Amino acid sequence: MKPSLEWQIATVKAIKSENARVKTFTLALPDWSKHRPGQHYDVRLTAPDGYQAQRSYSIASEPERSGEIDLTVEFLEDGEVSSYLHEVMTVGDQIEVRGPIGGYFVWEATMGGPLLLVAGGSGVAPLMSMIRHRAAAGSRIPARLLYSSRTPDHVIYADELERLQNAGDGLEIFHTFTRQAPEGWTGYARRIDNQMLSEVSGPLGKMALTYVCGPTLLVEAVANGLVQIGMAPNLIRTERFGPTGDIV
Amino acid sequence: METIQSDMNRALMLDGNAAAGILTEIFAVEMTTNLAECAHCGCQGEMGTLLAFTQAPGLVLRCRDCENIVMRIVQAPGAIYLDMRGMAFLRLERALV
Amino acid sequence: MAEKFISRGFFGKRRQAEAADRVPPGQYVTPDFPVLSAGPTPRVDLKQWTFAIEGLVGQPAQWSWEEFLQLPAQPFVVDIHCVTKWSKLDTRWEGVNIDTLFERVDIDPRAKFVTAFCDGGYTTNLPLEDIINGQGFIGYKYDGRPLAPEHGGPARLVVPHLYFWKSAKWVRGLRLMEADRPGFWESLGYHNRGDPWQEQRYWSD
Chain W
1 MKPSLEWQIA TVKAIKSENA RVKTFTLALP DWSKHRPGQH YDVRLTAPDG
51 YQAQRSYSIA SEPERSGEID LTVEFLEDGE VSSYLHEVMT VGDQIEVRGP
101 IGGYFVWEAT MGGPLLLVAG GSGVAPLMSM IRHRAAAGSR IPARLLYSSR
151 TPDHVIYADE LERLQNAGDG LEIFHTFTRQ APEGWTGYAR RIDNQMLSEV
201 SGPLGKMALT YVCGPTLLVE AVANGLVQIG MAPNLIRTER FGPTGDIV
Chain F
1 METIQSDMNR ALMLDGNAAA GILTEIFAVE MTTNLAECAH CGCQGEMGTL
51 LAFTQAPGLV LRCRDCENIV MRIVQAPGAI YLDMRGMAFL RLERALV
Chain Y
1 MAEKFISRGF FGKRRQAEAA DRVPPGQYVT PDFPVLSAGP TPRVDLKQWT
51 FAIEGLVGQP AQWSWEEFLQ LPAQPFVVDI HCVTKWSKLD TRWEGVNIDT
101 LFERVDIDPR AKFVTAFCDG GYTTNLPLED IINGQGFIGY KYDGRPLAPE
151 HGGPARLVVP HLYFWKSAKW VRGLRLMEAD RPGFWESLGY HNRGDPWQEQ
201 RYWSD
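Protein chains in written order, with my numbering: chain W, 1 to 248; chain F, 1 to 97; chain Y, 1 to 205.
Keep in mind that the hints are not guaranteed to be accurate.
Unchecked claim - Think about it this way: if two alpha-carbon atoms lie no more than 16 Å apart in a straight line, the pair counts; the simulated EDC-like pairs of lysine to aspartate or glutamate are:
id, chain 1, residue 1, chain 2, residue 2
1, W, K23, W, D153
2, Y, K85, W, E77
3, Y, K13, W, D78
4, Y, K141, Y, E66
5, Y, K88, Y, D32
6, W, K13, W, E80
7, Y, K47, Y, E66
8, Y, K13, W, E80
9, Y, K4, W, D49
10, Y, K13, W, D49
11, Y, K85, Y, E178
12, W, K23, W, E87
13, Y, K112, Y, D90
14, W, K16, W, E172
15, Y, K13, W, E77
16, W, K13, W, E68
17, Y, K112, Y, E54
18, Y, K13, Y, D32
19, W, K16, W, D93
20, Y, K4, W, E6
21, Y, K112, Y, E178
22, W, K23, W, E160
23, Y, K85, W, E80
24, W, K16, W, D159
25, W, K23, W, E77
26, W, K34, W, E80
27, Y, K13, W, D169
28, W, K34, W, E6
29, Y, K85, Y, D32
30, Y, K4, W, E96
Said to hold, decoys possible - Anything over 10 Å on all C-beta distances counts as not near chain Y; from chain W, calculated:
id, residue
31, K13
32, T46
33, G112
Derived from the structure by calculation, the hints contain no laboratory data.
Since this is a predicted model, take the numbers as computed values, not measurements.
Note that CB positions come from ideal geometry on N, CA and C, so glycine has one too.
Using the sequences and the hints given, assemble the complete structure.
Written out as structure tokens, the structure is:
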């Protein structure tokens with residue numbers, strides 16, 4: 001059984017800009033332990049006067065990548081921690097973290113499928129861990145990601161998702177755009193609604209393992225919608241991220 | 001469960017998963033998959049399904065069905081205070097080792 | 001004892017520099033108005049809303065929303081201090097002074113404490129002497145506009161000289177009592193009185 005959580009000092013190995021407001025931080029952990037896709041780490045910052053700020057960030061990387069984790073963080077206007085990560089932290093810096101944490105919002109290939117993933121905005125991060133793990137594990141479990149973004153510029157991991165879909169191992173990606181779709185787009189271009197959920201989840205059946213992550217209000221609307229269209233409620237797991245302004 | 005877009009307090013709401021860190025600190029094991037029963041309405045669910053209000057002087061976990069308080073946690077400098085009156089029972093799965 | 005790890009270049013929330021005599025120990029001033037809540041926003045139908053004063057009074061008093069708005073109201077400009085360490089200066093409210101309400105009831109001499117009770121089940125307790133003589137009001141307007149639901153609207157108790165958890169949101173009445181009864185946070189580790197100037201945050205303070 002895992003011992004209690006301890007803080008450890010991680011080192012920033014790489015920083016990647018996913019888009020204009022989202023960055024992925026690769027952290028090398030001296031005390032890395034294999035996480036389960038969907039878990040998160042707590043991050044803690046300490047000012048010289050002792051003031052501390054703590055936040056939780058989902059692990060975006062797969063557990064098969066040992067010794068390090070990826071945290072994908074959206075820059076929030078009033079974000080005390082996200083602004084530090086985006087504007088101050090550089091490669092080589094150290095940061096206190098503890099984890100991995102969480103057992104409820106977790107999917108591993110050994111749990112089976114089919115797998116339905118629904119993401120709003122930066123809520124795609126923990127689902128990406130699941131998707132990357134699925135690929136690394138060589139799983140062919142049917143999986144679909146429904147990913148809601150405001151505009152194409154808001155999408156995170158766009159190229160990687162396309163590449164993974166093209167691998168032809170049973171993963172399908174459905175984007176929807178709520179503010180502005182790409183030129184010539186023939187896919188979904190509206191907020192997630194029951195019709196969309198029906199169409200995307202249909203081939204997976206009513207007993208799909210379902211994970212919904214994003215702003216609280218989006219997650220609530222989607223979870224309610226999934227139950228309304230007949231998905232098994234006890235197979236739906238949610239991770240609310242709190243408010244990020246409008247529903248994406 | 002209805003969601004009102006203008007409800008800022010609801011928008012701040014998270015899942016029981018958000019309490020995973022402090023629960024592990026207190027119970028020394030991963031808690032979000034452990035079963036709890038709401039003392040108010042009898043609804044049973046994993047702790048991860050509880051509604052978590054973290055932006056407050058203390059952490060408040062509520063039943064996802066009736067929204068009554070299942071558990072409260074206050075982290076004071078010298079001590080952690082726990083109120084579990086809202087929980088009819090908590091089931092702690094034994095480790096398989 | 002291990003040295004605490006310091007994050008390079010991290011200094012914390014924006015803090016406004018303010019005169020030290022306006023900021024209690026351990027607080028920082030924020031230009032924001034953070035929303036803190038122990039639950040979802042109670043939904044209130046103003047046609048059903050009432051405010052009551054009950055308990056150790058000659059006769060309980062109750063006002064409907066319309067009646068409450070007819071009561072003499074005042075502007076208040078006060079500093080507020082939350083136990084979670086933020087303070088906000090010069091907040092502008094409009095509401096009814098508690099003294100105005102208490103004038104309309106006969107308070108029993110045995111009454112020494114007050115419990116504020118609210119939609120959603122929240123309660124907080126204070127000594128009667130901490131809420132009278134201009135120290136408390138029921139606020140229903142903030143910054144010139146009706147008090148927003150997430151901040152306690154339609155009406156909240158405001159007792160600015162104590163930590164802001166005592167300024168109960170969605171207040172529906174005050175109960176006058178002989179014995180003190182710790183409220184929602186006071187019963188789980190938070191200080192019974194909560195004077196920010198003496199940093200009375202927790203039981204051990």
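Going down the list of hints, with the structure as the test:
no.: 1; hint: W/K23 to W/D153; verdict: 13 Å, holds
no.: 2; hint: Y/K85 to W/E77; verdict: 21 Å, violated
no.: 3; hint: Y/K13 to W/D78; verdict: 9 Å, holds
no.: 4; hint: Y/K141 to Y/E66; verdict: 15 Å, holds
no.: 5; hint: Y/K88 to Y/D32; verdict: 8 Å, holds
no.: 6; hint: W/K13 to W/E80; verdict: 22 Å, violated
no.: 7; hint: Y/K47 to Y/E66; verdict: 9 Å, holds
no.: 8; hint: Y/K13 to W/E80; verdict: 6 Å, holds
no.: 9; hint: Y/K4 to W/D49; verdict: 11 Å, holds
no.: 10; hint: Y/K13 to W/D49; verdict: 12 Å, holds
no.: 11; hint: Y/K85 to Y/E178; verdict: 32 Å, violated
no.: 12; hint: W/K23 to W/E87; verdict: 11 Å, holds
no.: 13; hint: Y/K112 to Y/D90; verdict: 30 Å, violated
no.: 14; hint: W/K16 to W/E172; verdict: 25 Å, violated
no.: 15; hint: Y/K13 to W/E77; verdict: 12 Å, holds
no.: 16; hint: W/K13 to W/E68; verdict: 9 Å, holds
no.: 17; hint: Y/K112 to Y/E54; verdict: 13 Å, holds
no.: 18; hint: Y/K13 to Y/D32; verdict: 11 Å, holds
no.: 19; hint: W/K16 to W/D93; verdict: 15 Å, holds
no.: 20; hint: Y/K4 to W/E6; verdict: 14 Å, holds
no.: 21; hint: Y/K112 to Y/E178; verdict: 5 Å, holds
no.: 22; hint: W/K23 to W/E160; verdict: 15 Å, holds
no.: 23; hint: Y/K85 to W/E80; verdict: 15 Å, holds
no.: 24; hint: W/K16 to W/D159; verdict: 14 Å, holds
no.: 25; hint: W/K23 to W/E77; verdict: 14 Å, holds
no.: 26; hint: W/K34 to W/E80; verdict: 29 Å, violated
no.: 27; hint: Y/K13 to W/D169; verdict: 46 Å, violated
no.: 28; hint: W/K34 to W/E6; verdict: 15 Å, holds
no.: 29; hint: Y/K85 to Y/D32; verdict: 13 Å, holds
no.: 30; hint: Y/K4 to W/E96; verdict: 10 Å, holds
no.: 31; hint: K13; verdict: 16 Å, holds
no.: 32; hint: T46; verdict: 5 Å, violated
no.: 33; hint: G112; verdict: 35 Å, holds
Checked against the numbered hints given earlier, this structure breaks hints 2, 6, 11, 13, 14, 26, 27, 32; the rest are met.
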